[in-house]
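Participant: The residues making up each chain are set out below.
There are 2 protein chains.
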Amino acid sequence: MNIAVAQSGGPTCAINASLVGVFRQALLTEEIDAVFGSINGIEGMIGDELINLKTIIRTNRDMELLRQTPSTVLGSCRYKLPSYEEEPEVYEKIHSTLKAHRISIFLYIGGNDSMDTVVKLSAYMKHVGSDIKIVGIPKTIDNDLPITDHTPGFGSAAKYVAATTQEIIRDSSVYSIPSVTIIEIMGRHSGWLAASTCVLRANGEEAPHLIYLPESDFSAEQFIEDIRKEMAKHKAVIVAVSEGVALNAENAGIEDFQSGATDVFGHKYLSGIGKFLENLVAKEIGCKVRSVELNVMQRCSSHICSKTDIDEAERIGRQALCTALDGNTGIMMYFRRVSDVPYAVSIEMTEASNTANLEKRFPVEWISQEQNQVTDAAIPYFLPLIQGEVDIFMNNGMPVHFQRPLQMR
Amino acid sequence: MNIAVAQSGGPTCAINASLVGVFRQALLTEEIDAVFGSINGIEGMIGDELINLKTIIRTNRDMELLRQTPSTVLGSCRYKLPSYEEEPEVYEKIHSTLKAHRISIFLYIGGNDSMDTVVKLSAYMKHVGSDIKIVGIPKTIDNDLPITDHTPGFGSAAKYVAATTQEIIRDSSVYSIPSVTIIEIMGRHSGWLAASTCVLRANGEEAPHLIYLPESDFSAEQFIEDIRKEMAKHKAVIVAVSEGVALNAENAGIEDFQSGATDVFGHKYLSGIGKFLENLVAKEIGCKVRSVELNVMQRCSSHICSKTDIDEAERIGRQALCTALDGNTGIMMYFRRVSDVPYAVSIEMTEASNTANLEKRFPVEWISQEQNQVTDAAIPYFLPLIQGEVDIFMNNGMPVHFQRPLQMR
Numbered sequence: 006m007n008i009a010v011a012q013s014g015g016p017t018c019a020i021n022a023s024l025v026g027v028f029r030q031a032l033l034t035e036e037i038d039a040v041f042g043s044i045n046g047i048e049g050m051i052g053d054e055l056i057n058l059k060t061i062i063r064t065n066r067d068m069e070l071l072r073q074t075p076s077t078v079l080g081s082c083r084y085k086l087p088s089y090e091e092e093p094e095v096y097e098k099i100h101s102t103l104k105a106h107r108i109s110i111f112l113y114i115g116g117n118d119s120m121d122t123v124v125k126l127s128a129y130m131k132h133v134g135s136d137i138k139i140v141g142i143p144k145t146i147d148n149d150l151p152i153t154d155h156t157p158g159f160g161s162a163a164k165y166v167a168a169t170t171q172e173i174i175r176d177s178s179v180y181s182i183p184s185v186t187i188i189e190i191m192g193r194h195s196g197w198l199a200a201s202t203c204v205l206r207a208n209g210e211e212a213p214h215l216i217y218l219p220e221s222d223f224s225a226e227q228f229i230e231d232i233r234k235e236m237a238k239h240k241a242v243i244v245a246v247s248e249g250v251a252l253n254a255e256n257a258g259i260e261d262f263q264s265g266a267t268d269v270f271g272h273k274y275l276s277g278i279g280k281f282l283e284n285l286v287a288k289e290i291g292c293k294v295r296s297v298e299l300n301v302m303q304r305c306s307s308h309i310c311s312k313t314d315i316d317e318a319e320r321i322g323r324q325a326l327c328t329a330l331d332g333n334t335g336i337m338m339y340f341r342r343v344s345d346v347p348y349a350v351s352i353e354m355t356e357a358s359n360t361a362n363l364e365k366r367f368p369v370e371w372i373s374q375e376q377n378q379v380t381d382a383a384i385p386y387f388l389p390l391i392q393g394e395v396d397i398f399m400n401n402g403m404p405v406h407f408q409r410p411l412q413m414r
Numbered sequence: 006m007n008i009a010v011a012q013s014g015g016p017t018c019a020i021n022a023s024l025v026g027v028f029r030q031a032l033l034t035e036e037i038d039a040v041f042g043s044i045n046g047i048e049g050m051i052g053d054e055l056i057n058l059k060t061i062i063r064t065n066r067d068m069e070l071l072r073q074t075p076s077t078v079l080g081s082c083r084y085k086l087p088s089y090e091e092e093p094e095v096y097e098k099i100h101s102t103l104k105a106h107r108i109s110i111f112l113y114i115g116g117n118d119s120m121d122t123v124v125k126l127s128a129y130m131k132h133v134g135s136d137i138k139i140v141g142i143p144k145t146i147d148n149d150l151p152i153t154d155h156t157p158g159f160g161s162a163a164k165y166v167a168a169t170t171q172e173i174i175r176d177s178s179v180y181s182i183p184s185v186t187i188i189e190i191m192g193r194h195s196g197w198l199a200a201s202t203c204v205l206r207a208n209g210e211e212a213p214h215l216i217y218l219p220e221s222d223f224s225a226e227q228f229i230e231d232i233r234k235e236m237a238k239h240k241a242v243i244v245a246v247s248e249g250v251a252l253n254a255e256n257a258g259i260e261d262f263q264s265g266a267t268d269v270f271g272h273k274y275l276s277g278i279g280k281f282l283e284n285l286v287a288k289e290i291g292c293k294v295r296s297v298e299l300n301v302m303q304r305c306s307s308h309i310c311s312k313t314d315i316d317e318a319e320r321i322g323r324q325a326l327c328t329a330l331d332g333n334t335g336i337m338m339y340f341r342r343v344s345d346v347p348y349a350v351s352i353e354m355t356e357a358s359n360t361a362n363l364e365k366r367f368p369v370e371w372i373s374q375e376q377n378q379v380t381d382a383a384i385p386y387f388l389p390l391i392q393g394e395v396d397i398f399m400n401n402g403m404p405v406h407f408q409r410p411l412q413m414r
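Residue numbers (my numbering), protein chains in the order written: chain A, 6 to 414; chain B, 6 to 414.
Any given hint might turn out to be false.
Intra- or inter-copy, both count: the list cannot distinguish identical chains.
To be verified - With a straight-line cut-off of 20 Å between C-alpha atoms, the simulated SDA-like cross-links for lysine to any residue are:
no.: 1; residue 1: Lys-312; residue 2: Asp-396
no.: 2; residue 1: Lys-238; residue 2: Ser-373
no.: 3; residue 1: Lys-312; residue 2: Asn-401
no.: 4; residue 1: Lys-293; residue 2: Arg-83
no.: 5; residue 1: Lys-104; residue 2: Glu-94
no.: 6; residue 1: Lys-312; residue 2: Glu-289
no.: 7; residue 1: Lys-312; residue 2: Phe-398
Just so you know, the hints here were simulated from the structure itself, not pulled from any lab data.
My request is simple: use the sequences and hints to build the entire structure.
Facilitator: Printed below as a string of structure tokens:
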């Protein structure tokens, strides 16, 4: 029989490692002939754009390289599968592609949108009496999937953010005048990644002095008050803020921030929260202030990925294939944490419908009463996820990436 | 006798390595008793704020840690020494600090402003008949100091920029729709750092497809033309642009860019060139486009520093002390390249006045005729500077930094 795998949603450092996990496990499974990759997520299934992975991943070195290459080697999509009632022909196209290539198992690596696809596709297969199994493999740097202890990709993002925040702390401390540095970190709806900067305390850093999350109760007025308090204690105040921090509606600034001024081309200027807070500090306090956006580097800086994350991403990929071979469908694999110290997780399965379209927010009990810090209780949760370094292949002083064959570019 | 050392200008990944070089060489020199560090560059000399380095750097491990810690452990300043005629009392204060601590040699690590200080101070010492030697040690990520083949700090910045640009290339290639990604790289007056992204070609990358420098003849109209041409060839077009790219004055955009719109607080909105070009592409082409600013990470990401850079920064610090002990003053140390392959440099000295307040621009012969690329001839210049990785001390999954003692924070 044949199997297929696809990648979906935003890139991470670990999504290729899960693909390698599926591929490696398939090589060990005698009954499996071809492993197909669907180009650009589910879009490849709809348009019958598949590639035989054995033609592009040829050696053990290829697998190792791919494990440490960021982003999605098979491309990705943001396509949301319509309901069967709305567009049955989409389902028929997918089914026809699967049948044409004698595919018995389809593994979908992605976030909560992708789990919605797993739910819908597996229901369709049951509905039409097909035996094809559909299994989801989680990934997202946002760490906002329910059920699972954490998501593959998050640990590498958190490791990059911790290392970089520490370097920005050093960079900010050089001049003799007081200053405020605001670091804007990804997370539209949940603050896991910004919150994870608390791990720096384990290495003796006091900063970030303030951490704001979408889950915290935020007002611009209180923010300025917080900054003033920290400036009385520290020369260089460091702030970590999630991009999704929601300004209190009663606050004067909100209208300005959300609607934005217009830029030179007449577009609404959608400044990030970092730039907005920078301007606020400049206006209200008037000290030296700057904002730094960690941008896409958070999700693609595989040169400092977490070995724990990459290894787990591969393991969950392997386990997903085994679980599908056991006859399961419509499920998502997840991590259950067995213990913090020594760190141990088991890999389990759950109905994909338990996670599809749902978000796991950062626990309010780990947010300080003042709504401007993460408590020490969160540190043992985060620390194991950033442990270990992958031995990166280097050439000419630069990391080597797995290069997609020309026909795929 | 005693010696003193100070750090000045913007932080880099290598400026502490030069300090370690001075310190290590001093430990090997019998006639030297104390090594003082001046807090916040020359400001510490004016205000008599010195610290005995032996009290903060106590072990070999401290030295190793400091070598791989970014930014300036002694703090920094942007203070420009006035002329003796304007403010003789400043010179008298410095001289009095040097005498009070029996300092015979003062080594100043910095960029071209700092070399101006070396010129002025050494002239003053001669003028008042003092024997105190003043020697400059170059550093800047901008690589824009004349005479020297390259500057300590540049290689690490270039290594970070290359690795990160490559990761952004991967990140940009995932979706099926055409896109443009603009990476804004430091360099106000010279484009060395943006130009150095050409090294990715040595690893088989085609991108960045376009590279724009302050030294290139740039017009917004031609830029859009260039983008259109590259979009015909590549699905995901990658552009590297120096922050200091100067828009052609005849171009319609220039007024908008330089004056900026006003932000929500009524400040002039000084968008970077990256954001400006992003808006331009959105307006003129209307495709998916984003800009990424590498920001301060370029100068402080020591977790991926260049071993060649760190080792050379230490060597030039050691050599500076030896040269001062030989009786030289008013000079700057520099690298002379002996050969590209195998890479070899010698460390030489030149009058500091040959570099003070001067800038070395990127050679126009290494800019393509179309003014939008760097030619392959530049690659052998850049490649040796990013070679090798430092074995970074890790703890809890994060790099360990040398921590300044509490009294210095």
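Participant: Taking the hints in turn, state whether each one holds.
Facilitator: Quick rundown of the hints versus the structure:
no., hint, verdict
1, Lys-312 with Asp-396, "both (9 Å within a copy, 16 Å between copies)"
2, Lys-238 with Ser-373, "within (18 Å within a copy, 52 Å between copies)"
3, Lys-312 with Asn-401, "between (23 Å within a copy, 13 Å between copies)"
4, Lys-293 with Arg-83, "between (40 Å within a copy, 14 Å between copies)"
5, Lys-104 with Glu-94, "within (15 Å within a copy, 88 Å between copies)"
6, Lys-312 with Glu-289, "neither (43 Å within a copy, 43 Å between copies)"
7, Lys-312 with Phe-398, "both (14 Å within a copy, 16 Å between copies)"
Hint 6 from the earlier list is the only one contradicted by this structure; the remaining hints agree with it.
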